[in-house]
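Participant: This is what each chain is made of:
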Amino acid sequence: MMFFKNEIRKILRFPLFWVMIAVCAGLNLFVIADSMSYERVGIQAVNDYVRTGNVPSYDVYNVCVNYDEVKESAYDQYYKDFDILAFKADIEKMFVTQSSAAAQKLIDRNYQKAAARVDEIRQDGEAYDHYYPGVTFSLHEMLYGDLFTLLLFELAVTACFMTAYLMKYEEFHDTHQNVYATKIGRGIVFSKAAASVAASALAAVIVITASVTCFLVILPQSWTFLQSSVSAAMATEDRSMVRYPFITWTRMSQLGYLLRACAVTVGYTVTASLVTFVLSFVSKNAYVNAVLTAMLYFALFVAAVVFPGSNLCGFVLMFTPTAGMLNVSDWFMEYVFTPYVSYPGYETWVCIVWQLLALAVTLPLWRYFRKAGIH
Amino acid sequence: MKVIGWEIRRYLPPMTLLLCGALVLLIYLAYGKDCNSRYRDGYGQSYRLSVEYQKRYGDSIDAAEWEDIKARQTEERAALDEMFESAMGQYGIHSKNDFDLLREAEEQDSEAYAEALRVWGEDGLAERLPHLKECMTLAWSEPLVSAIFHEQGVRSSIRQWEAAEEARQSFSVSQSDWYAGESDFVKARLKASLDKRETAVCSVVYSLTFPSDYLPWNVLICLLCAVVILPLPVCNTVTGVNQLQFCSRTGRKIRQKQFVAALFLTAAVNVLTDALFGAVYFFGAGNTRHLLGNRLNAGEWDHPLWLDLTYGQFVWLCFAVTLLFSLALSCVFFAVACGSRHYLTAIAAAIPLLMTEGFVFRREVQFLPLRTGSAAGFFLLPAVGLTVAAISVLLWRHSVKGGTIPAAYAAQEVRDK
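From first to last, the protein sequence lines are chains A and B. Numbering of the first sequence is given in the numbering used here, commencing with residue 1 and proceeding in unit increments. Numbering of the second sequence is given in the numbering used here, commencing with residue 1 and proceeding in unit increments.
What the hints contain is simulated information worked out from the structure, not anything from laboratory work. In this text the structure is predicted, and so the values were computed from the model without any measurement. Just so you know, not all the hints are guaranteed correct.
Unchecked claim - Here are the computed distance ranges between Cβ atoms for each label pair:
id	chain 1	residue 1	chain 2	residue 2	range
1	A	Asn54	B	Glu122	51 to 61 Å
2	B	Phe264	A	Ile91	44 to 54 Å
3	A	Asp34	B	Pro130	46 to 56 Å
4	A	Ala86	B	Val384	47 to 57 Å
5	A	Tyr58	B	Ser212	50 to 60 Å
6	A	Leu312	B	Thr137	55 to 65 Å
7	B	Leu18	A	Gln221	52 to 62 Å
8	B	Gly121	A	Cys313	38 to 48 Å
9	A	Ile91	B	Val271	39 to 49 Å
The beta-carbon is built from N, C-alpha and C at its ideal position, and this holds for glycine as well.
Model the full structure from these sequences, guided by the hints.
Facilitator: This is the structure we're talking about:
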């Protein structure tokens, strides 16, 4: 515990840690303010219109009329005849995706669950929840597609830098010959890893709290927004090329979705920290360590984008932190255009499996490091 | 010069070269290889046709040539129908029209369904509908998919040429309020440019998207500069090499040589990457080199450009602007690296710089020929680059004279005296 405290103190005293947090939070605030600057007026107008029944001003007349139209027609338009299996078949026809038998079986099984979920949404009234019209404001895309994607990349970079700094702290200060001269000294790398993970999670919590709080403060009547269901018909937005509702795997309010997304974001940050920790065993200095981690993430991104495959290999290539970070606005729900990630718990399992994988790879590397020469 | 050569070698250890190779490969796979996708595959049919017609008819098409093209369109359609017959005849689909009708007739409430019932009867439609998936698969596979795009390309090209010619004839400077508030100089340039404007055969297929096509390569150049330049000055600080070097009068000049070496390397990175890009973009599968001689003003562009450039001249301009940006960035990278005591600080400082460069390139260069205000658009970027470079040089000179290692420097000053 003493080692852990000392290690975490090193990070907290590293100016770059606080600079990174400030820069990330600042950039996020800019992105939120920029994207909300126009939408805020419309959202406020819709709020006033719902409360008083009068259109606040001529400029926002269209927004209020659009609210009425969406409110009346959303369910009929998006849920009444919506058959997700037929929709999936259409997409398959359009792109002529020919998956292998095993892959197709898995995809079909997952979409059976999605179809059952659509029936549930129709029956339990989630589809009728009130919400700011998704087609007008695209709040889901704004919050998750833009802000959370940015957050994930910022926090991965921060976690990578902090872990690389701490793992190569001794070499940088030329104390490694003393520290690694004893068995206990070599074991200090685990305290370093724990401290890096804790510091990365701390950075994630600070940046996420600042960003999400800012979003909710700028968004008028944010409590109303948080209470409605993600799968509400009114929340339907344009998703890639088509407009269809968000079919979450379980019943989920906006607040529940937000909290889950925050938790998974912290998980991805911790994963980045652990991956950097593993690569530190094969890196000469912090520069190489950070660059290797960045290259690994980039290579995984290229693999997910360029070689998606049409068999079970597709599931493996999409089962990476980078692939998970690309589809934030489709977390916890089905996603037709990338069927390989359309199954319950995909985001969480990616985090858990990659963290376990990192720990498993650490064992042989630790054995090597325990006996390696220190010169 | 010999020292500069040694410094260049120090900038390029095997690991850095390996890293650069990996970066080039990954960016090529992710973005680079598709940079001319709008001119190849199915989407490139219009372009390929334009090139073919340009060779056959010259830069513009007269009335007799139009008739020739339209007759050819009929032949293309007959050939396509023949291909449909041989591929899908067994399912009762004998032409492209049959295929379109069947595809649209899947919706039972649609007009196409009623039309299909009228043409094939209830039994005929019931026989054909179950084979729709097979037909779709055949239509989206070679060689039918290419033939479909080819035939579509012929049709859309004719429509586009007609529309472009009409727009060209109806357009005049006075009709556009885009340049209403501009100076006489700009208006004169614009008029001269418009007088030469004509609807070239290739004109319908390109717009000013080159900066977007080139952006991944521009980012690659700046990334490579960062990867090559950042580590060495930091390494000199971390390992204490600076202390040794600055203890002699000659040694203190080495940093200048390192700076010059960094600039040489930046230029080399630009030349190599641009050469690779040129090979991929202009001689790759799309073979877009036919665009080079065409005027930008003849292209699909809403507003006339006051600079009368050809596509090729614009490409050189983009290369030049990227070189300038990367040189300025290299100066800043060098200054940042000289002032950093830790690798991570240098990398962290480089990230926003790279983001800013990418943003400025994408935002500004796209509209460079459209920007008004005489030559300001072109001279602004070099001016900013030179200012940044001058500040960087001042910064690292300061770090040598008394910033980073004042004690060593002061001691040597005393000894020198």
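Participant: Determine for every hint whether it applies to the structure shown.
Facilitator: Here is what the structure says about each hint:
1. Asn54(A) <-> Glu122(B): 51 to 61 Å: The hinted range 51 to 61 Å holds for asparagine 54(A) and glutamate 122(B), with Cβ atoms some 56 Å apart.
2. Phe264(B) <-> Ile91(A): 44 to 54 Å: Since the Cβ atoms of phenylalanine 264(B) and isoleucine 91(A) sit about 52 Å apart, the hinted range of 44 to 54 Å holds.
3. Asp34(A) <-> Pro130(B): 46 to 56 Å: holds (52 Å)
4. Ala86(A) <-> Val384(B): 47 to 57 Å: Taking Cβ atoms as reference, alanine 86(A) and valine 384(B) lie about 56 Å apart, which means the hint holds.
5. Tyr58(A) <-> Ser212(B): 50 to 60 Å: The hint (50 to 60 Å, Cβ to Cβ) is violated, given that tyrosine 58(A) and serine 212(B) are roughly 38 Å apart.
6. Leu312(A) <-> Thr137(B): 55 to 65 Å: violated (22 Å)
7. Leu18(B) <-> Gln221(A): 52 to 62 Å: holds (55 Å)
8. Gly121(B) <-> Cys313(A): 38 to 48 Å: Holds, since glycine 121(B) and cysteine 313(A) (Cβ atoms, about 46 Å apart) stay within the stated range.
9. Ile91(A) <-> Val271(B): 39 to 49 Å: Given range 39 to 49 Å: holds, Cβ gap about 45 Å.
Going down the numbered hints, you'll see the structure goes against 5 and 6, while the others check out.
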